[in-house]
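*Asks:* Chain residues, written in single-letter form:
Number of protein chains: 4
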Amino acid sequence: MSSDPTQLQLLFFDVDGVLTDGAITYHENGGESKNFHTQDGLGLRAAMQVGIKVVIVTARSSQLVERRMTQLGVDKLVQGCKDKATTIAALADEFGVALEDCGYLGDDLVDLSAMDRVGYPMAVADAAPELCEMAAFVCTRPGGRGAAREAVEHVLKTQGKWDAVVASYR
Amino acid sequence: MSSDPTQLQLLFFDVDGVLTDGAITYHENGGESKNFHTQDGLGLRAAMQVGIKVVIVTARSSQLVERRMTQLGVDKLVQGCKDKATTIAALADEFGVALEDCGYLGDDLVDLSAMDRVGYPMAVADAAPELCEMAAFVCTRPGGRGAAREAVEHVLKTQGKWDAVVASYR
Amino acid sequence: MSSDPTQLQLLFFDVDGVLTDGAITYHENGGESKNFHTQDGLGLRAAMQVGIKVVIVTARSSQLVERRMTQLGVDKLVQGCKDKATTIAALADEFGVALEDCGYLGDDLVDLSAMDRVGYPMAVADAAPELCEMAAFVCTRPGGRGAAREAVEHVLKTQGKWDAVVASYR
Amino acid sequence: MSSDPTQLQLLFFDVDGVLTDGAITYHENGGESKNFHTQDGLGLRAAMQVGIKVVIVTARSSQLVERRMTQLGVDKLVQGCKDKATTIAALADEFGVALEDCGYLGDDLVDLSAMDRVGYPMAVADAAPELCEMAAFVCTRPGGRGAAREAVEHVLKTQGKWDAVVASYR
Chain U
2 MSSDPTQLQL LFFDVDGVLT DGAITYHENG GESKNFHTQD GLGLRAAMQV
52 GIKVVIVTAR SSQLVERRMT QLGVDKLVQG CKDKATTIAA LADEFGVALE
102 DCGYLGDDLV DLSAMDRVGY PMAVADAAPE LCEMAAFVCT RPGGRGAARE
152 AVEHVLKTQG KWDAVVASYR
Chain B
2 MSSDPTQLQL LFFDVDGVLT DGAITYHENG GESKNFHTQD GLGLRAAMQV
52 GIKVVIVTAR SSQLVERRMT QLGVDKLVQG CKDKATTIAA LADEFGVALE
102 DCGYLGDDLV DLSAMDRVGY PMAVADAAPE LCEMAAFVCT RPGGRGAARE
152 AVEHVLKTQG KWDAVVASYR
Chain Y
2 MSSDPTQLQL LFFDVDGVLT DGAITYHENG GESKNFHTQD GLGLRAAMQV
52 GIKVVIVTAR SSQLVERRMT QLGVDKLVQG CKDKATTIAA LADEFGVALE
102 DCGYLGDDLV DLSAMDRVGY PMAVADAAPE LCEMAAFVCT RPGGRGAARE
152 AVEHVLKTQG KWDAVVASYR
Chain Z
2 MSSDPTQLQL LFFDVDGVLT DGAITYHENG GESKNFHTQD GLGLRAAMQV
52 GIKVVIVTAR SSQLVERRMT QLGVDKLVQG CKDKATTIAA LADEFGVALE
102 DCGYLGDDLV DLSAMDRVGY PMAVADAAPE LCEMAAFVCT RPGGRGAARE
152 AVEHVLKTQG KWDAVVASYR
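Protein chains in written order, with our numbering: chain U, 2 to 171; chain B, 2 to 171; chain Y, 2 to 171; chain Z, 2 to 171.
Derived from the structure by calculation, the hints contain no laboratory data.
Hints may contain errors.
Heads up, the list lumps identical chains together, so a pair's fine if it works in one copy or across two of them.
Claimed, not checked - Here are the simulated EDC-like pairs of lysine to aspartate or glutamate, each with C-alpha atoms no more than 20 Å apart in a straight line:
1) K162 with E131
2) K158 with E134
3) K158 with E131
Since we're looking at a predicted model, the values are computed, not measured.
Work out the full structure, taking the sequences as your base and the hints as a guide.
*Replies:* Have a look at this one:
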C-alpha cells in the first residue's frame, strides 16, 4: 500500500461514530435518531467539488441515513453491509478506481477489514486504538464533530486543491 | 474596513454551527431537529434591548428555525439564502445601516463572503480556521454553546452598554 | 446575608441551563425537547430525603418540565415566572422558611434578582460570569451534567447529612 | 472478594449514565429519549462473543431500553429493579455463576449495593466519587461515550481474549 493521499480519487466513510457522534438515540414513542454535523456536510461537498468520489458504507440500515445522504448528494450509499472488505472492493471496481487510490475513514473494529485494504486508512479522534495505530491519518476531531471535514481537508491540501475550495466561497 | 465594534448597529448571525451546536439530527420517523441554547437567547435579546438590530441569515430552510426566531423576536430572518454577500448588503440597506457598521458571526466557509464585507467579522470557537484567521473577534465558546451570547456581550462591553443590561436584571 | 449553608432548609433551582444542559431542541415536526440528567435526579431526591424543600422556578413554560418534575416528586414547580425575586419571596413564605435559609442555583442573568435575595446563591460551572462572581458556591459541573447534584451534595455535606444518604443506598 | 477480572463470567450493566450518557430527554409532544453509543454496542457483543454473559439491570423502566437491548441481543434485561443487591444475586444464581465471578459497571449510588457484592465492581469516568473509590476499575470514558466498551475491553484483555476479538474483524 502506498499511503499516498495525493493520488486519492475515492473516499469511503462509515456512518455511526464517523459521520455521526456515535450516539444512537432511542425514543419511547418509537424510532431512532442520529446526529450529523453541518461542517462535515460542507466537507463531503468539497471532496465532490474537486472530483473525488464520496461513498458511504454502513453495517446498519435506516431511512434517516438515506435522507441525510440524499440531501448531501453523495455518489453512493450502501447500507446493511455485512462484509466491508468485499463491499468496498466491489464499489472501487464499480467506480473504476484502484483500492490503493481509495481512502477510508472509520471509528471501530468493523471498519478494520476495509481499512486494511485501501491505500489510505484514516481514523476519527475517538476511534478504537487498533484503528488509530494502523491509520495513515488520525483526525484531531471526533466523529460527528468535524472529523469527516478534517479528513477531506487534509486530503485536499495534500493534493493542492483546498485553496480553490476556499476561494470558491469568497 | 474599520474593525471598530463601538459603532456596530446591526449584527448578522448564521444558524447551523453558530446559533446551534452544528448537530443536524435526523429522525427515523421523519423530520430534523436542531439544538439552540438558552444563554444565546438572552444574548440576542440583550442586543435588541440596547437598540442593535439582530438579523439571521441561513442557507438552509426549515420551519423549526422560524419558530425559534419568532420566539426570540429577532428583527429579521432570511432562510434559503444562496449568496450571503448579496443578501447582507440588501439587508443592511433595508435597515439603513452601512455594512461597515455591521457585525457577522459565522462558523464555516459559506459565511466568508459576508464576513469579508462587514465591518466586524466574528467567528465561533469551533469555526473553520480560515474564519478564525480573518475574524476581528473569535469566541472562546463553540457554536450553540454560548458563542452568540459571548459575541453580543463583547460588542456591548466595547460600547459601554453591558452594565445597563446586567442592571436591568437586578 | 449569612452565606451559611448549614442552615439551608429550601433550595430553588432554575430549569434551562441548570437542570438541563441549556440546549433547547426544536423539531421540524413540532415541539421542543430538553435534556435532564440522571445524577441530578438522585441529587434532588437526596435533598428531599433529608427534609430540604426542593422548589423549581422557571421563566419559560412547558408540559415536559411538569412531567419531569412530577416524576422526581419535587415540592413545588412554578413556570412562567416573570419576576423571580418576588416569586421566591412568596414561595419561601409559603413554605415558612426565611429567605436567608434558602439557596438558589442559577445559570444566567434572569436568576440574579433571586440570587441577590437568598442566603446562599450558587452557580453552575457554565453560568454567566456575573453569577459566578457573586455566588457563595460555584459548581465544577455544568448545568444538566451533574451541577444540581453537586450543589445538593455540597449543602448536605456542610450539614453533615450526606453520609446518611450514601448509607441508605448500601 | 477477589477483585480478579480473569475469572469473570458475567457482567452486569446499569442503563442511565452507564449505557447512556445520563441525559434523559423529555419531549413536549410526549415520551422520552436516551442516547446509547455505537462503540458500547460492539463492546457488549464482544463480551458475549467470548462467552461472558451480559445482563442489564435498571431501576427505571421503558420500552426504548427493551428495544435497544433486544437489538444488541443481551442475555437478560431486568427493568424496574428496586433492590439491585437482591436482583443481581438471583440473576447470578439463575446463570449459575458465583457473585465473585461477576462484574458490575455503575455510575451512581443506586448501584452501590450491587457493586458491594460482586467480585469486580467497575465505575464509569463520571460516576459518583463513592463508586470510583471502591471500584476495582474506573473507566477513562464517561457513561454512554464508550465506558461500557472500555470495561469489556479491559476484562477481555486480562483474560487474554481481546486479540481474538480484534482478529475476528480482520
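*Asks:* Take the hints in turn and mark each one as holding or not.
*Replies:* Hints, one by one, checked against the model:
In this assembly of identical chains, K162 and E131 lie within 20 Å of each other by CA distance solely across copies; the values are 15 Å between and 31 Å within a copy. For the homomeric pair K158 and E134, the shortest alpha-carbon distance between copies (17 Å) is at most 20 Å, but the shortest distance inside one copy (23 Å) is not. Within a single copy, K158 and E131 get their C-alpha atoms only as close as 26 Å, which misses the 20 Å cut-off; across copies the closest is 13 Å, which meets it.
Comparing the model with each earlier hint shows no violations; every hint is respected.
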